[in-house]
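Trainee: Chain by chain, the residues:
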Amino acid sequence: MKKTSTLRTVLRRLRPYRGRIALTLIFAMAQVAATLYVPILVGRAIDCIIAPGQVDFAAIAALLVTIAVVTGIGALAQWLMNLTNNAITYGMVQDMRRDAFRKIQILPLSYLDRHPVGEIVSRVVADVDQFADGLLMGFTQLFTGVVTIVGTIGFMLSIHLGITLIVVLITPLSLFVAAFIAKRTHTFFRAQSEARGEQTGLIDEMIGGQKVVQAFGMEARVLDRFDAINEKLRAASLKAIFFSSLTNPCTRFVNSMVYAAVGVVGAFVAIAGGLSVGGLSTFLSYANQYTKPFNEISGVITELQNALTCAARVFELIDETPQIPDADDAVVLAEPAGAVEMQDVAFSYSPDRPLIEGLSLTVKPGQRVAIVGPTGCGKTTLINLLMRFYDVNSGAITVDGHDIRTVTRHSLRQSYGMVLQETWLKAGTIRDNITMGRPDATDEEVIAAAKAAHAHSFIKRLPDGYNTVIGEDGGALSQGQKQLLCITRVMLCLPPMLILDEATSSIDTRTEHKIQAAFATLTAGHTSFIVAHRLSTIREADIILVMKDGHIIEQGNHESLLARKGFYYTLYRSQFAQ
Amino acid sequence: MKTILTHLRAYRRDCVLAPLFKMLEAIFELFVPLVVAAIIDRGIEGGDRTVVWQMGSILVALGIIGLCCSVTAQYFAARAAVGSAASLRRALFAHIQSLSYTELDQLGTSTLITRMTADVNQVQSGVNLVLRLFLRSPFIVFGSMIMAFTIDVPAALVFVVTIPVLSLVVFGIMCWSIPRFKQVQGALDRVLGSTRENLSGARVIRAFGREAAERDEFDARNSALTALQLKVGRMSALMNPLTYVIVNLAVIALVQVGALRVDDGILTQGQVVALYNYMSQILVELIKLANLIITINKSLACAGRITSVFGVKSSMTVSASPRASGDPTAPAVEFRGVSFAYAGAAEPSLERLNLTVPRGQTIGVIGGTGSGKTTLVNLIPRFYDATDGAVLIDGVDVRDYAPDALRQKIGVVPQKASLFAGTIRDNLLWGAHAGDPTDDAALWQALELAQAKEIIERKEGGLDARVEQNGRNLSGGQRQRLTIARALVGRPEILILDDSASALDYATDAALRQSLRSLTDTTTFIVSQRAASIRHADQIVVLDDGAVVGIGTHDQLLAECPVYAEIYYSQFEKEEK
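Just so you know, the protein sequences line up as chains Z and X, in that order. Using the numbering used here, the first residue of the first sequence is number 1, and each one after it goes up by one. Using the numbering used here, the first residue of the second sequence is number 579, and each one after it goes up by one.
Isolated chain Z, as found in the complex (with noise of 0.2 Å):
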């Protein structure tokens, strides 16, 4: 059921290249036509020597002189026939990767939350990649493969039936035998797989703990281990291997059979007379022929039915359904003071488990709010509220008094400027990475953000100052390097509101000192929510929301907080006191 609609999925993206896949289908059985046509022009002109004095010369040559139009019509079809496949396959792959693409840039952050990079990666590049491969060789080989099966068969029709049948009958037990091989070597290829899959296990823990396991002097020991299951997998490995390349030699072995069949019977009836020796060698060299698509086919619709697998994985991004995209009469918020309130939000991620529930705060432009509390009491969980990364289910978060909902995203965000508390840095050079927010800037802001932001001492000191191009990871640059490079991005911009999520938790005490400082200069006058694990952070915070359990269970400043002797004491006492 959901093959077949793969299927109507891939023939409807197929749609605008239905003139090319015409004219391939064309070049496909001219190409057939030309290819089946000269065994039997050259079994003729076999015909035409038979002995000595007997050789007819004029019609050897006509006979020549039309095989070599033939192979050339031949080949020219293929060529074309080559051309036209890798455009319509390779167009359609890339309009495929283009809109998985828009897709994930309008997919909900819910989706991409629950989805692993990895296997999103994978939909867009392997398995894109896995369809192409069998859509080029369905396009290529399948139809061919019908039309030479059907086509010599005809010739061999129009030359003697009972060689035909013998030819038609025989050839399908390659088939069998190859199935038959498929089927029992399975067995040999789970335990293969089991076996490397454990193995695979093995390497990536040792390896990945091969610190560990020196420290403790463990080689010896754990390379016995690696020893056992590499003489399992050695064991499983042959066995799998052996039994699956039976199938080359078995069914060519009943292709020779075939062959020699077609030789005795094909030798008998040119005795009788009902066969030239011309007849014989066209019949022999279709015989090797025919059996080619057949062996090819079965492997053909493996690989067809692989490339439909993945070709569905690839819809299955391309239909998911993308987030509300913004109303057309949405506002643009321009430069916002930085009022935002929250009134009676609830929010949960999964509807059995609820979140957040009754919040509701009043932030005053250019105050700093510090949101503390213990791990997964729902401190990330605002920001992804704050940014609309999700929709509150009921409630509202308000911006200067517009519903967050009736804003554009774009100039939402924009108003925000956000240090997650993982770090995200793009691959390119650091200049990039910091004038993401605003491209045009110049160096001398660049140069002066990273200075704020205590970035423009280690930044000078890299290879190519910069313009040093980093890996996606940020390559070489430590965790607390990394960070500061996402604060000078911040910097650079300065959005009406900040976003801190415990974004110097990794940076030393006396580089975060320093960076508190640029930044409580820097953000006089703008609206900020930091989430804080610092107590310096949170002493200085005009609200500290204690939050526990998606409730913001305390809200005040740290005094009194403190004289309340509630949770946001006891918190203290066991996280900063001794």
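Hints are not guaranteed to be accurate.
Said to hold, decoys possible - DSS-like, lysine-lysine: derived pairs with alpha carbons at most 25 Å apart:
#, chain 1, residue 1, chain 2, residue 2
1, X, K866, Z, K292
2, Z, K211, X, K891
3, Z, K183, Z, K239
4, X, K1031, X, K994
5, X, K580, X, K760
6, Z, K211, X, K994
Please keep in mind that the hints were generated in silico from the structure rather than gathered at the bench.
Given the structure of chain Z, go ahead and fit chain X onto it with the hints provided.
Mentor: Okay, now just chain X, sitting in the frame of chain Z:
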């Protein structure tokens, strides 16, 4: 290449037998057109049915013998390929284990895992294919030509011309394509990079409103990929039509020559058919050979990557006459003017450290991230060699100890609390050396010291409870305490805790320090970001960007070392002091 040959040596016999049987199979295949020629010339022309029967039986016999040869060849080839791959994998694993931390850092875990798995597998299938096919195809190609010569020299000359031309086209197109396939792979990698960035960086990209720029980048890379694919495709699209034309031209020439020779009475009709059959065989085999070369090329690339890992040698040399013990009256640990820089790093991570640690003392090491704390303690068990100066344990340079003897003295609790699949007991026994008591009482004692007793008590199965791979069925704090217990099982003379209490709550951390203080014979190094964890140490080393900015007790440092004071006061209120 040489690496593979070394591991194939044990399978010498199989490596000879596999191609040998393949060649036998090919020889029998080459007889087929001759038999068919006999059917035509003696059977059909002569009207002799017995000949037809005889020749038919020969065809069947040839098929059966071919099958047997082929199956035998497959067996030997599979055995050699699988066996050499297993031996290669083992050697590689043993080699990786012999590398020091410096090399492990350089190579990286994920690279090493890929080498061990995917690359070795690719080499295995390469070896298998080479043994099976690499000799067969050329043999058939040249065998056909030789058979043609035995039939008729002028006709064979057609083969002499055709084979080089065909080879030129097939291998020319391949040589052109292979480097371009790599370019295609590179273009695909760039598409992959773009995609991954937009997933892993979705929040940041959306926060900065960079969707359009990212889209443009992706589209450009996607188009570049398609353009490259089409370019390479244009060339490979020529392969089949061109070879087809060449072979058919050869057939035309063959028929023409054959016609003349038959007319002269030198050749028979059946022999012309045989020549035609030989020509058809050549094309099939050359195409097979071309595909084979692509696979071999891939395998060689993998083999090259594996060889490069073998090429990395441990930078750590073991002394020619290693010592098993030191002087029990000397200080437990001594750093003499020690500096250290990581391989390839411009700046040293630790500079000119002088520190003497008497037996039984507790040393605290504190400083910011990247200040060199871990570097300092990693020099004690000789995970890395000091670039300058010397580290002495019991008065003997660590480089003069036998590695086993050295690590037996030291219990390390690394920053990353990694446990391994097995039972709790298996994991704890990692820490035990020859001669250490390994009974349950000893294990429980270590667990108790590490504040891990109640974790295990509550676990079903106790010491025999399962630990999953990387200890993922345990929490961070539980893992940390188990790794501490593991280090304690070996009753080390020197215990190193590298930020090992970071996931523990304050009370457990304090209890842990309290219980470690009872190990009066053990010299303990505690690395921490928390001032509370180290303030009671006998000596505290304060590091800042690799430089030692203070050594002393808490009170001394608070008074004299501004960096220490800054760290301390940022974590504790001044008035509480």
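Trainee: Okay, which hints does this one fail, numbers in order?
Mentor: none
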